[in-house]
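S.K.: Protein chains in written order, with the working numbering: chain A, 3 to 116; chain B, 16 to 129.
What the hints contain is simulated information worked out from the structure, not anything from laboratory work. Careful: at least some of the hints might be erroneous.
To be verified - DSSO-like, lysine-lysine: derived pairs with alpha carbons at most 27 Å apart:
#: 1; chain 1: A; residue 1: K51; chain 2: B; residue 2: K114
#: 2; chain 1: A; residue 1: K51; chain 2: B; residue 2: K72
#: 3; chain 1: A; residue 1: K51; chain 2: B; residue 2: K86
Take a look at the letters that make up each chain.
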Amino acid sequence: AQSVTQPDIHITVSEGASLELRCNYSYGATPYLFWYVQSPGQGLQLLLKYFSGDTLVQGIKGFEAEFKRSQSSFNLRKPSVHWSDAAEYFCAVGAHSGANNLFFGTGTRLTVIP
Amino acid sequence: EAQVTQNPRYLITVTGKKLTVTCSQNMNHEYMSWYRQDPGLGLRQIYYSMNVEVTDKGDVPEGYKVSRKEKRNFPLILESPSPNQTSLYFCASSSTAEKRRELFFGEGSRLTVL
């Protein structure tokens, strides 16, 4: 069965510092991986996705993520965090074929301090 | 503008009073889905639909019904709401085309059942 683990419930970083949010997945086939961001009171917005090919993917708002098959990980990174990045971040895994169902992690809440 | 629209955004109701949360998308997406979001549990899928007249259960379907009579609409029905259905609900849609399977989310409907 598919599952996604985000081991960090809450992370606090200083503005301008680098950020890495962890995501590990369990999936029996080639995964289709996503990172979403949820600002307070908002829906989820896609940051980036990995389908195939280059394992380092670039997304919106200066985020990137690297797919490491050997570690079953898809960690999200940003070199310099801005106060507006404070939000909740969700990693999700889906299938290349069949239903479009995505399985989400429990999320990581990011706090940015001045 | 491409969007997924949910209504109502906020609702307080009482146990047993039937309610419907509407969802509409304007992107001609084949796939639509409902999720509920609860603290510490992330997003859990309630029901999904691969196309018109095709629906299937997700991970937490008990107490919910859906229908897909038109491609753009996917209402969520709570026939007899109970307090444990108090939650934040999200509707989402996506294309089924390869490499375009990312979900687009509505802004959410916060439901309180007293």
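S.K.: Against each hint, give a clear statement of whether it holds in the structure.
M.R.: Going through the hints against the structure:
As the CA atoms of A/K51 and B/K114 are separated by approximately 9 Å, the hinted pair is consistent with the 27 Å bound. Taking the CA atoms of A/K51 and B/K72, the gap is near 25 Å; set against the 27 Å cutoff, the hint holds. Distance restraint check for A/K51 and B/K86: the Cα-Cα separation of roughly 25 Å lies within the 27 Å cut-off, and the hinted pair is therefore satisfied.
Going down the numbered hints, you'll see the structure goes against none, and every one checks out.
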